[in-house]
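Enquirer: Residue numbers (the working numbering), protein chains in the order written: chain W, 1 to 422; chain U, 1001 to 1234.
Watch out, some of these pointers could steer you wrong.
To be verified - Derived PhoX-like pairs (lysine-lysine); straight-line CA-CA distance at most 20 Å:
#1 K319/W x K1059/U
#2 K283/W x K361/W
#3 K283/W x K230/W
#4 K1059/U x K361/W
Since the hints were derived computationally from the structure, they do not count as laboratory data. Quick caveat, the model's predicted, so the values are computed rather than measured.
Single-letter residue listing:
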Amino acid sequence: MAEETLLNDEFLRQLMNVGEVDILVGLPTYNNARTIEPVVRAIQAGILKCFPRERVVIVSADGGSQDGTRDLVTGVSIDDVWKASKVYALRTLPVVITQYGHSPEAGLALRTILSAADLLRARACVLISPDSSTIEVDWLQRLVRPIYNEGFDLVSPMYRRQKFAGVLMRDLLYPMTRAVYGVGIREPYASEFAISGRLATDFLNGEGWDDDTTRNGAAILLSVMAITGKYRVCQAFLGVKPPQDRSSADLVEAMRRTVGALFSSLDANFQFWSGVTACQPVKTFGPESEVTLEPITVDLGRMREMFVTGVGELEAVFKTVLDERTLSELQKLASLEIDAFRYPAELWAKTVFEFAASYHKSVISRDHILQALVPLYRGRALSFLLENQDASAEDVEKNVESLCGEFERLKPYLLEVWADRK
Amino acid sequence: MWQIIVSELMQVLHELAAGVEHYLPRAVVMLVIAVAGWLIAYLMKVLVRSVLRWTRFSKLSEHTGAAQLLNQAALPSSSELLSRVVFWVAWVGFVLIGVSILGIVGLEEYTARFFLFLPRLFAALAILFFGLLAAGFFSRAALLAAVNANFRASRLLSVSIRIFISIFTLSMAFEVLGVAERTILIAFGTAFGAVMFGLAIAFGLGGQDLAREFLEERLDKRRGQQKEDELSPL
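Work out the full structure: start from the sequences and follow the hints.
Expert: Rendered as structure tokens:
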């Protein structure tokens, strides 16, 4: 059914020419002319080096690029890679390109790639971000081997990050996913990951592709499905986290795609997560995590100002979303100067849980609830910065672990507000 | 002479008796209809109130800001107000049906007018409700967007949007009711023009710095620099 509606005739013809494959590498592209060539070369080199005998296809699902991205993808010659690596594949390495629309849509791109993987009966489907400027030749192997050799269904990435990068991931997505679903995936919203053919087909045949949450937050919903569907999940260390793409810089948009999808997943999976009481360890290939300490410039005053303005101006919205005591604590925080500013882990966990419960009950427009969380997240990010200003890599990890512990400890509070929130 | 007076008096009494004989049963029917109508209207009020409670209508009106407006005007809650409106409209309707049975010339026209007015009344109430709903939604959307964009006059923007949509809704509701259409149209035009003119002057002259900052942000001169300073969330 999915193929009927998604795959156009030309795309189907190209896929039929390819025939069945072992590995499908998907590239959801949109105006990536600046970075796409090295990414495709690294993928080709990875295939030659690690999977010379496997039948592999590269599928680019394009959102209507205007900068020649599609030509660049097809233009990268495998001959150059052969010459550079001195390794020759025993099979051809086809590249298939399709345009799924005239504007980028992450969910539709993923659906197109998964449909192709399903049609070609791929054993493993790998998704690589076309913005991955830090990609290494070994990434493909690290993502695919656990599926090939050990039968895992989802291989989630782990990265080496600057200690203040990815605060939304460290302070909300990771601790909440871990506390709620009981599986500690460090990157529940990943731009690079690999899934088995079985999970790809099951996720593709799932419902909800027509709603906005699935279209925008498909990556996080895939992780949630892998956890709740009892698929085998593991993590693989890749290396340096690529710089974020342009859309990730927009905090409100990032919040919609990630936190919105996570909150939304709680509705459908209540039976599962309400019974989870402990966190299961996740097998990790490579280092558990790596933090780098290079300095970055952040305007702390502006972050505090935006938090204070948010708490003051959005009081009426917070009254409908938050508990009176939580709001009162936040108002006290807003009166603190930067030197004394601390957004305690317990208060942050309660804030997030109350937002999740209000999102569940739709006390106001769900999109407005997510937008209202943005200034509070800025406050928590500021606190994270101040707490870890002089911290070592180990200290940062300890603080993240401590935050996760707080989320897990307060899970009964989530269940309470989930049931009671007016 | 006396015979004529007595005869006239008797005739008047006969006519009066005939009139009473003619109207009394109708008056009794009218009273029965009024009492039955009161009971039915009361039941409708209870039913409407229960349905509104069940559908959490009060919460909805709180979120739209309608509850605050009613509170400021010392009126009961929106659910109570709506159920009372239903009661009075229904009961007055029954009373008018009862009065029309009396056959009093002229009253029938008023009764017909009242029933013709009802659809417009309900249409106006619906416009008012959805208008206030839209005012609450869009003013909150503007407030959130402005706060997240670090726009200084976010509350002013939000309140302006709420007032504008509320005035627009009220003028539409009055137009549907057919009450002082011209006056409302002129008042709306004048108020809207004055508000826009005032905002333009306030923004352009009184808030030169704010205007400059806003336009600079719009033209993306400083945005790039600010984004570089932001922590990457993902």
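Enquirer: Can you list which hints this structure breaks, lowest number first?
Expert: Per hint list: single violation, 2.
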